[in-house]
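In order, the protein sequence lines correspond to chains D and P.
Going by the working numbering, the first sequence opens with residue 1, and the numbers climb by one from there.
Going by the working numbering, the second sequence opens with residue 1, and the numbers climb by one from there.
Source of the hints: derived by calculation from the structure; they are not laboratory data.
Incorrect hints may have been included.
To be verified - Okay, the calculated beta carbon distance ranges per label pair:
1) P:Trp298 to D:Ile79: 45 to 55 Å
2) D:Pro258 to P:Ile318: 39 to 49 Å
3) P:Arg215 to D:Glu478: 33 to 43 Å
4) P:Phe302 to D:Glu124: 48 to 58 Å
5) P:Glu95 to D:Asp114: 38 to 48 Å
6) P:Gly19 to D:Glu478: 54 to 64 Å
7) D:Ser323 to P:Trp298: 52 to 62 Å
8) P:Ile308 to D:Arg186: 52 to 62 Å
Said to hold, decoys possible - DSS-like cross-link-like pairs, simulated, lysine-lysine; straight-line CA separation at most 27 Å:
9) D:Lys146 to P:Lys191
10) P:Lys14 to P:Lys191
11) P:Lys14 to D:Lys123
12) D:Lys146 to D:Lys117
13) P:Lys164 to D:Lys371
14) P:Lys212 to D:Lys49
15) D:Lys120 to P:Lys119
16) D:Lys272 to D:Lys146
17) D:Lys280 to D:Lys248
18) D:Lys117 to P:Lys191
19) D:Lys277 to D:Lys250
20) P:Lys119 to D:Lys117
21) P:Lys286 to D:Lys120
22) P:Lys119 to D:Lys49
23) D:Lys120 to D:Lys183
24) D:Lys123 to P:Lys189
25) D:Lys117 to P:Lys212
To be verified - On the chain D side, residues computed to face chain P include the following (Cβ under 8 Å):
26) Pro74
27) Leu75
28) Asn90
29) Met92
30) His94
31) Ile346
32) Ile413
C-beta atoms are modelled at their ideal positions from N, C-alpha and C, and glycine is treated no differently.
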Amino acid sequence: MPEILLEMKNIQKYFAGVHALDDVSISINAGEVHALVGENGAGKSTLMKILSGIYQKDGGSIIYKGQEVEISSPLEAQIMGITMIHQELNLMPHLTVAENIFIGREPTRGIFVDDTKSNKMAKELLESLNIDIDPTVRVNTLSIAKQQMVEIAKALSFENTSLLIMDEPTAALTEGEIQDLFKMIRDLRAQGKSIIYISHRLEELPQIADRVTVLRDGQYIDTLNIEDATRQKIISMMVGREIYYDPKEKSNVPEDAPVILEVRNLVANNVKNVSFKLRKGEILGFAGLMGAGRTETMRAIFGADPLASGEIYMNGEKVEIKSPYDAVSHGISYLSEDRRAFGLAIGLSVKENAVMASIEEFSSTLFMDDKKIADVTNEYVEKLSVKTPSINQLVRNLSGGNQQKLVVAKWLIKDSEIFIFDEPTRGIDVGAKSEIYDLMEQLVNEGKSIIMISSEIPELLRMSDRIVVMCEGRITGELDISEATQEKIMSYATMNM
Amino acid sequence: MKPNNFSKSMGFQKILALGVLALLYIFFAIFGNNFFSWTYLVNILDASYFIGFMAIGVTFVIITGGIDLSLGTTMMCGALLGGAAYNIWGWGIAESLILVVVVATIIGIINGLLIAYLKLPPFIATLGTQMVGMGFGAIVTKVMTMRYPTVGTPDGFFKNIFYKTSTGFPVGAVWLAVAFIIASIVLNKTKFGRYTFAIGSNREAARLSGIKVQRWQALVYTLCGFFAGLAGIFYAAVYTSIIPSTGNGLEVLAIAGVVIGGTSMTGGVGSISGTIIGVFIMSILKQGLMSMGLQAHWQTFFTGIVVIGAVLLDNYRIAQAQKVKIKAD
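Next up, chain D with everything else stripped away, as it sits in the complex:
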């Protein structure tokens, strides 16, 4: 019977009424690598943030080294010997490796910090971990992989560190760097340290993990020994929820519908050689896990971020999109997942927001034509059934669903042909969701075309005519709706090519 290092029992966590973790229990043995997997929003990060003291649990208990503990801050967790290595690394880029490792407890000689000593200590530490890094170089001159190793070394410089939590440690690494990291993890395991390993890359689990725990929708599903955890089995556990929508059975787009948008070999930040076509009247779903590069792809197409290379064609003609202004004038609109930050001016009225993108069309040389603005706003408020007492209502007073509709109205008034919806139903209640779905159907029925990014696979299955799946910046699969299933999508979404 292996020694148990940590047990989290019946953990509960609520965020503003949302039940983020519902009675989750997990047990970690000493000297094991324990993988934690699940879709976006499954609760992995929340659970680990509770363990590392960033969040406080609302219920349940944590038993660590045989004692019940309360962990109220990351510092407290570290003192106990629990350290989390975040994806966005917590280093001070302008300081040297040794300075980073010993920050806050640097060796001193009188009132001066003893850099000679700390460099020497860092060198010994790095050597003992077989990490080939000069402790005197600044961290921002190192590759991400090396920076990660510095952070691991920093964690291990605390004598009693016995549990490391790694959040997607391989996401930004090359194959060679991954093997180095794995070797290091195996060394740590051999020394009796435990590692909780969060990853979307299911295929790497057999190489590194001893056991796998699957979470789904904030609930504990099961823990498997790695020998029993086939890829298929994990995927079916990750997505094995009941589908609460009827999926679309077949595409509503005729075979010969014209291609309205074509992207060829797009390369941008976290976008690697992406090509796809969008047909007129189509809803093209984009599936993928966090960091798959879907939003980055759309932002590059929309001109919001620079694209390194690639071509965009509209109705068969090549177009140059260098800024959102260009995209809008070509009839493309982008509806960001963060409506409040990027889509609407919530301190202004419905009317003002509705014509925000097309104000020039409603103005004479000097003045805005208030009557025309009011007319067009009323027309679209009615058409999209935006529930607002008046077009002079401030947008902040509208519900999330109605705000979303208003963003659509804004782009319809601007005469957009292509609507890119980025997580259109995030943070919206069920009733409002179905209104958004109706609205999207209304748009395609009028001949508009839609790209829909969503992390909810059932929603994609309900809405899309075709689904493109991305993983780590690449398109890893494309499925016609008639052949798409949750399992197939998840399989592509975790396929690291």
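Based on the hints, put chain P in the right spot on chain D.
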């Protein structure tokens, strides 16, 4: 990115600044009236004292990613209160000079509390204390100009200590050099300096490493106030008369000097040695324009341009560094 590119780019900035320093000097030597002379060299030194002390303090602040716009009026407020103590309240010169530093340090503490503990943005907090300091100095002195003792009067010896010896040796330069050396050691060799960089580089990471970020940040602004007080003593020693309701705008000379010297407005990067070069660029500019017969408003005009140029250069540097980084990834 090669391991030493970063330090190389830091070095490049300093070499560039030294080049500018030399060019400016040559420019004014050619076009200025009698600029290439011992007198003007001393004038340049004279102007560098108060700019230099302010710049040392604000270097720490800027490395944390902050700013102190109250520097100029803090210095003046201290000098005015010291002057009031000497002229009106009949204090001795030594006590009056100590008061200069105490007053400025208190303003520094207030900045620190507002920024580190009450979470005001540094820009706003110090803009506020800039006005408060300027107003307070004028209120206490009843808007009368405060005069410090001149050489020859019984208390005039303080000028011999901080400004010029009786033989005419610019002793202020020695004090400034000592301050630069001490500040450089503090910045590079003590925990205080280390945490100054850490906060500016990644505040959250510093906090998660167990550093009492608020306390150190408040201390940085306090130090800045302290140096503004020292600047006040040297300003009084060199210029004798302190006029109420002045001083705003002088901080810009110091901040520009710091940024020209390679300290980044976004924090995490900076050096005292760079600041020295920047300070002399600013004082050469100030005196050089004067030698061309261009008065205060011209100095203001050019200082503004230099500030914009320095910050543009800083932006460019950051963009370049990021470019290299993306390539490396």
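Going through the hints against the structure:
1. P:Trp298 to D:Ile79: 45 to 55 Å: This hint is violated: roughly 60 Å between Cβ atoms.
2. D:Pro258 to P:Ile318: 39 to 49 Å: holds, 45 Å
3. P:Arg215 to D:Glu478: 33 to 43 Å: violated, 56 Å
4. P:Phe302 to D:Glu124: 48 to 58 Å: holds, 54 Å
5. P:Glu95 to D:Asp114: 38 to 48 Å: Between P:Glu95 and D:Asp114, where Cβ atoms are some 40 Å apart, the hint holds.
6. P:Gly19 to D:Glu478: 54 to 64 Å: Because 57 Å falls inside the window, the suggested range holds.
7. D:Ser323 to P:Trp298: 52 to 62 Å: Violated, since D:Ser323 and P:Trp298 (Cβ atoms, about 40 Å apart) do not stay within the stated range.
8. P:Ile308 to D:Arg186: 52 to 62 Å: Between P:Ile308 and D:Arg186, where Cβ atoms are some 55 Å apart, the hint holds.
9. D:Lys146 to P:Lys191: holds, 25 Å
10. P:Lys14 to P:Lys191: holds, 25 Å
11. P:Lys14 to D:Lys123: violated, 30 Å
12. D:Lys146 to D:Lys117: holds, 22 Å
13. P:Lys164 to D:Lys371: violated, 76 Å
14. P:Lys212 to D:Lys49: Distance ~22 Å between P:Lys212 and D:Lys49 Cα, so the pair holds.
15. D:Lys120 to P:Lys119: violated, 38 Å
16. D:Lys272 to D:Lys146: holds, 23 Å
17. D:Lys280 to D:Lys248: At roughly 18 Å apart (the allowed maximum being 27 Å), D:Lys248 and D:Lys280 satisfy the hint.
18. D:Lys117 to P:Lys191: Answer holds: D:Lys117 to P:Lys191 is near 14 Å, not above 27 Å.
19. D:Lys277 to D:Lys250: Status holds; Cα separation ~18 Å.
20. P:Lys119 to D:Lys117: violated, 36 Å
21. P:Lys286 to D:Lys120: violated, 47 Å
22. P:Lys119 to D:Lys49: holds, 25 Å
23. D:Lys120 to D:Lys183: holds, 24 Å
24. D:Lys123 to P:Lys189: holds, 20 Å
25. D:Lys117 to P:Lys212: Distance of about 23 Å is within 27 Å: holds.
26. Pro74: holds, 5 Å
27. Leu75: holds, 5 Å
28. Asn90: Constraint on D:Asn90 satisfied, holds at 4 Å.
29. Met92: At 4 Å from the nearest chain P Cβ, D:Met92 passes the 8 Å test, so the hint holds.
30. His94: holds, 4 Å
31. Ile346: Hint on D:Ile346: violated, closest Cβ of chain P at ~22 Å, above 8 Å.
32. Ile413: violated, 37 Å
The structure fails hints 1, 3, 7, 11, 13, 15, 20, 21, 31 and 32 (numbered hints given earlier, in ascending order).
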